[in-house]
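Enquirer: Heads up: the protein sequence lines correspond to chains A and B, in order. Using my numbering, the first residue of the first sequence is number 1, and each one after it goes up by one. Using my numbering, the first residue of the second sequence is number 1, and each one after it goes up by one.
In case anyone wonders, no lab produced these hints; they're calculated from the structure. Yeah, the Cβ is synthetic: ideal placement off N, Cα and C, and Gly gets one too. None of the hints are false.
Chain A side only, calculated, beta carbon under 10 angstroms to chain B, not exhaustive: (1) Gly423; (2) Val425; (3) Arg434; (4) Pro694; (5) Val695; (6) Trp696; (7) Gly699; (8) Leu700; (9) Arg703; (10) Arg704; (11) Pro783; (12) Ala785; (13) Val790.
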Amino acid sequence: MTGSILAALLGHWWRNPLQAFTLLAGLALGTALWSGVQAINAEARASYDAAAATLGDGNLAQITERDGGVIAQDTYVALRRAGWLVSPVIEGRLGPVRVVGIDPLTAPGGVGPVGTTDGAVLESFLSGEGQIFAQAATQAQLPDTGANGMLAPDAAPNTAIMDIGLAQRLLGRPGQIDRLLVAPEQPIRQTALSDVAPDLALLPPQDGSDVGRLTDSFHLNLTAFGLLAFAVGLFIVHGAIGLAFEQRRPIVRTLRALGAPLGRLITLMAVELAVLAFAAGAIGVALGYVVAAALLPDVAATLRGLYGADVSGQLALRPAWWLSGLAMAMGGTAVAASGALWSLARMPLLASAQPRAWAMARQGAGPVVVAGMLLAVAGALAIWGTGLLAGFAMLGALLIGGALVLPPLLALVLRLGQAQARGAVAQWFWADTRQQVPGLSLALMALLLAMAANVGVSTMVSSFRLTFTGFLDQRLASELYVRTTDAAQADAVAALATPLVDAVLPVLAVDRQIAGYPAEIYGARDHATYRDNWLFLRAAPDVWDALARGEGVLVNEQLYRRAGLDLAADVVIAPGLSLPVLGIYGDYGNPAGQVIVTEAVFRQQFPDVLALRFGLRIDPDGVAALRSVLRDQAGVADAAMVDQAAIKALSLEVFERTFTVTTALNILTLAVAGFAILMSLLTLAAMRLPQLAPVWALGLTRRRLAGLDLVRAVVLAAVTGAAALPLGLALAWALLAVVNVEAFGWQLPMYLFPLDYLRLGALALLAAALAALWPAWRLSRMPPAQLLGVFRNDR
Amino acid sequence: MLLRLHDVAKTYPGTEMAVLRGVSLTMVAGDMLALTGESGSGKSTLLHLVGGLDTADSGVVAIDGTDLTPLDDAGRAALRRGTVGVIFQQFNLIPSLTVVANIAFQARLAGRHDPDLALALATRLGLAAHLHKYPEQLSGGQQQRVAIARTLAARPKLVLADEPTGNLDEATADTVFALLCELVGETGAGLILVTHSERLATRMPRRLHLSEGQLT
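Next up, chain B with everything else stripped away, as it sits in the complex (with noise of 0.2 angstroms):
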């Protein structure tokens, strides 16, 4: 089982709304589903607490075996270098690294930095004549590519994007969702795609809808 959920709650403090109420999910190996849903209902949280950026109320969130639960800072630190990877809406790209280092950035964290899959990523992605450029220096689409190219090449169990496409245009944004399903498909990871856009949902093979914090 690549991921568990199981009765997972989340409230934020300050807030009477539990933002999730009893989430319960299950991925396989090279499960790719999109999950969509209304502003505020709480796509992003779900997905953070996968990443294991966040932590949840109660229930169960376990990956690849492992529950995220008991882990501390640092065991949740060491899941996000090692066994998911997260391509967000604003591309986060590290500025004061070129985009041949972004690449690599994450994969050297994980121990497992391959040149030649880098190199092979950033040209399948159109990078190859970007490597030694700066991400300000890059086009919104050229971004998400670079941050696509950052998360496959440390090769991670379990791939969350949490709107790659939000900023770009719709011609961009249909090109990189393909690279994206292409790339992930090749790799055997799953994927979760968090996505307000039904056109590029009703393209994934599964999809859920979170509503007032659970899902549908």
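Excised from the complex, chain A in its bound form (with noise of 0.2 angstroms):
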């Protein structure tokens, strides 16, 4: 009974391959680009570990210099003496390559490839020309050292490991050390570090990798994406199922009528669903690599230039991230079909089958009173909700809320059409699109969801931009930027600068704790760079005076939003001196907290903390003048002297390669969105011909009636465009100003690009006029005999 069962359910989808085409492609591309997005997260996050992995940074507690510069030779040595186990570590890049010297002598255990007890690997790593482990990949990107290149399959991306001495005279540093790795077990006896080396701080090992908490938020934007697509996929998909289930109730109900045990037959669904699920999840999952491979190297150089983390740019095929996409997929099939399988489930025995029926009742008020209840949630989220979770949820609520209006809405502009129409054509035309409305539904809130989430991340993107663009002028103000090595190289550079610039302005900075959290302490000198270029989100009267009378500090956004320092709020700089804030400026791209107080007030406070860094103020046509006097006088690096356009190129490629994968992932939701259209019309055409062919018979030809289908699809596109620009514009608004400043720190002004939401309309018009020209297309150029098949009586 069982087989032929399925022989007789099975028929439908041979006799209506398109409908199977159309479940199978639209799980598999909402697969896809869920698992692609879930394939790039896994191999950065394997990255990340193996880093943590191969360095033991994050394990391992370490020393560092207060003011982030170098420690000296002698230092190393006198904490060894003073019984501290540390072991030093120096890092820098060669070309693309992160280079790490470690000494394998006094390395903790399971630091670097030959933190073992090996003796022949410890050998050959300090002998000869000494060893580099790296990559393969990684060794290719490598110059000639002349030193050994060993392959390290499990070493982290783009990282040379190497001896601390090899890696000191490839990095032209001879005797600087970054930091020191503290062993876990030190001796119970060991004299205090403020007292061997009071510059030096000891900063505690932490939890899990420091990069992986950092990126997190860039993680889950990607996954919200991700789920975005997917979401607009299982549009599709329910759509198909809706359908192929309201289609085969006449056999179901055959097959009832003849004997076929109800339960048998839900079961038999059921499976068939989760084999066509099965069967489009390795296809999405297959697809997903090609996306994520084709995405990978932007994300990687996102992540680099971001974040600092190296991310492999090779793809694995880690069992992570396949099986969520083939999870993904059959889960979203069965929330997808669950409905389709209950009403079944329910259907009286002699009840009518006619797939309209199956459309119009769509049209039922409950998707109404339930959008009105999630645009509610994410209205209450968005005023009371706190993180990113929350923040996320605030998205998905207005989002599937606004797509469930849509029908509604549509229903609402038809009639509307229909009301003003004067012509017998015109009047049909609105009331025909009237009732297609059901039938495209889930296509076009799939369109709507795409089109939203275009203008939103485009708003979002675009005034980060002009902000970031903006806040680059402001802060980047000098013309040069000089970094020394010591403080006798800093004095000549500033001896040999001041008669030749504008202004020479040293950069102060000691990282400290305030408020609790970790923070940079800047002194900034009394200058009208800072005065004419800074702009500020609040501020008290006078900010730039009181600053220069030392009567207050200033403090980055991210500090203000965690800590809680508003105006007037004191700040405790250093134990006996406490300030209030006088301004609060925005620090775009910085994930840590800043503090700027006056540049006496700092010298003051922190009289040991040299100047290492300054920034020169001098007519640009002069700097190339001034960086050939402080190389040949100064001996000053040409790679220690960046000029201010090399920096705002560098920071904008950042910006622009941080967007590019999202930039991607928009365009694909909204091709996803297309070929939806696209399915849902070319399904439809069988079913209207009913429609069609009386219209056609009464005298409109053929082609005309193809003209009106694509003006049509134009106009509910139109609509759903317009939909989309408010709903988009508020997605835009809850990036910007909740999900930003939960996952950055940071809240970001929110301008208006009215030319792109109307480029994105003409393009969306465009998809759907494309989308719907195939159908019109076979119309146009329908037999008549196959339009006549309508009208026959014995059909």
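Mind docking these for me? Both chains are given alone in their own frames, and the hints should help you get the complex.
Expert: The structure is reproduced here in structure tokens:
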């Protein structure tokens, strides 16, 4: 019996291959974007873990210079003598490769490829020209160093591990140490760190990878996009399953009348869907691999540029993401099919089985009520919600609520259109379009979501770009930035530059805990560079004068939000010195808190901190000459001098690459929505013949009907686009004012870009017209015999 | 001459047997004839050729002096709008329009909509209480009356009715048939009624039988 029932049920897919294709393709596309994003995230996280495992970063306590400078060899020796089991590390870059030099003799166990007791490896590591441990791809990127390249597949991507002596030589930094790793087991009796090296700070070990935590919000953003794309795909699946089940109602009714048990019918249909979902999921995972492989290089560049995190450009087939892709495909199908299965299970044996009845039934008040509730939830979360998850829950409620409002909104607009129509054809056009809405609503909802996401994200990105470029202009006012290696070189630079430039602006900085949060304290010289260029989010009157008098501090937005340091709040700069907040400034792209005091206060509180970096104000035409002077007379390396234009270009490049992935996902989501419309129109085309044939018989040509079908698709897309605009702007506001604040600690001003929206609207109309073109062309070429088939009495 | 068919032949692609083989027929204004025949004898095909819904392989189909053979798609569409009116067994109303909009539809396409005539027809056909309902809210008999009203409101010269009572019970069929004949008679249009019903066919002034693609 099971075989006979299956044969009867499966026959539907053979007779409706387009529907089967829609179901498979919709699910596969949704799964592809989801699993592609998951593959990227999994690869990035694996890279962070590899970095942590290779270098022991984060798992070990570390000692660093308080001002972020280098540690002298003598200080290291003094610490060892004082009983501190520490091991030196130096880091730098050779081209694109991160070079890490360690001392294998003192390194704690598990750090680097030679942190074991294997004497043979240790000997070869230290012998001759030295050895460089790295992945094959990394080895290939290294210049010829004379050292032996050793393959280390488990090494972190783009990272080369070597002996510290070799690293110091290759990096041109002899005798320098960046940080000291502290072995977990220390002698009970050792001299206090502050006594041996008061300029050094001990940083406790951290749980998990630092970079992993830093990049969490970035990955969460990607995941949210993957989920949105999957939701769009699920709309297609929901529509295809609903229609397929509705068309099979007569078969189900007949089978039940012939004695097939309802339970077995439902079970077999569920199994059938599970098989289809598995197949679609497998295709989706394969496509996801392609998507991820295409996007990964940009993501890797973004993470390196934004967070300094090295991510492999090579994609591995990790079970975590392809299993999640399959699970999403199966789970999504279950969700999409549950309603149809439930309705079939409750269908009376003698129920009629008209597909249009199914479509019209979707116009009930239920979705409007649910939409209202979801929008209310979104509003409530916007007002009272806290945390990133609440932010994303608000976005989800906003988008789904907005999508559910669309069909009744379309019905209302079309009813108004019909009321205004004068001619018979116009009246029929509006009425017929209304009738098509239920069948197209899921595809149009998918289009709405895709367009709203596009409006929202493009508004966010463009607002970010505008703010960021303005911010760069404010903050990178100096024409040349110089980094010196020690106090002597710093003095030389200051002495040489002073007569040649308009102003020498020393960068004085020290890391401190402010209000319980890690932060940097900067000492700023009172100069027009700051007064003229910096903009405040909030500020007291005469803020610069008050700052110059040492009457307060400036804090960045991150610190203001995290620590609640509003205007006039007291900030403890050092023991015994507490100053009120005079102003709060935007500090985009910086994950850390920041406090600015006047130079005098800084030097008074931190007399040991030297200015090793400088911003130099000079006529841009004089930059090249100044560089020559500093290079020739103070020995400043070319790499240590960066002009303003180069920094801006680099920053903007990092910025653009950051959103390459977002833009790509946006376009892919829009493409999925276009596909949804095409599939819906093709499916509806066959079902619409009984509605079109009478109109044709009454005197409209096939070409005119096809033209009206094209116009219909464009009208529906236009109304959907108009609805997507406010939804997209609400989404942009949510991203800028809620999600960004939670994820990054800063709020961005929102700008509007009408031309971009018009371009997107035109694109959506074009997509809808293109999607409608094929079905319309088929209608215009349809043989009269096919239309006459509608009128055959014996059909 | 309202209608002239001369030596009309039609074969559907993919079939060897001709559906119509040398059919000839003439009608003048006001003629009312019944066309009978077995299922598959070509009755509907003949009606479709006359209605400009399909094209003959050979022969002449001329309505009101206009030869349909050289007409293109747009020309045949114009003929369907203005000269002929077709009533189908399946009613084929436009589901998205109300009864009153359905009745007015073809007349408005033809550019000769007369609201008074439409209302009068609706009243005569017992539809006055249902004008603002949608087709799916009506019974089969009521829907067929709407289809008749729609055709007659456009004042065609020739009415083609393809099994208009085929989906109705006997009593309703009699009522609809009587109304159709009466109203067509009042307009002076010609009527070709395709029917399986011998009972109805015998009540028509003229009767033709189609067998193996030929009229007898």
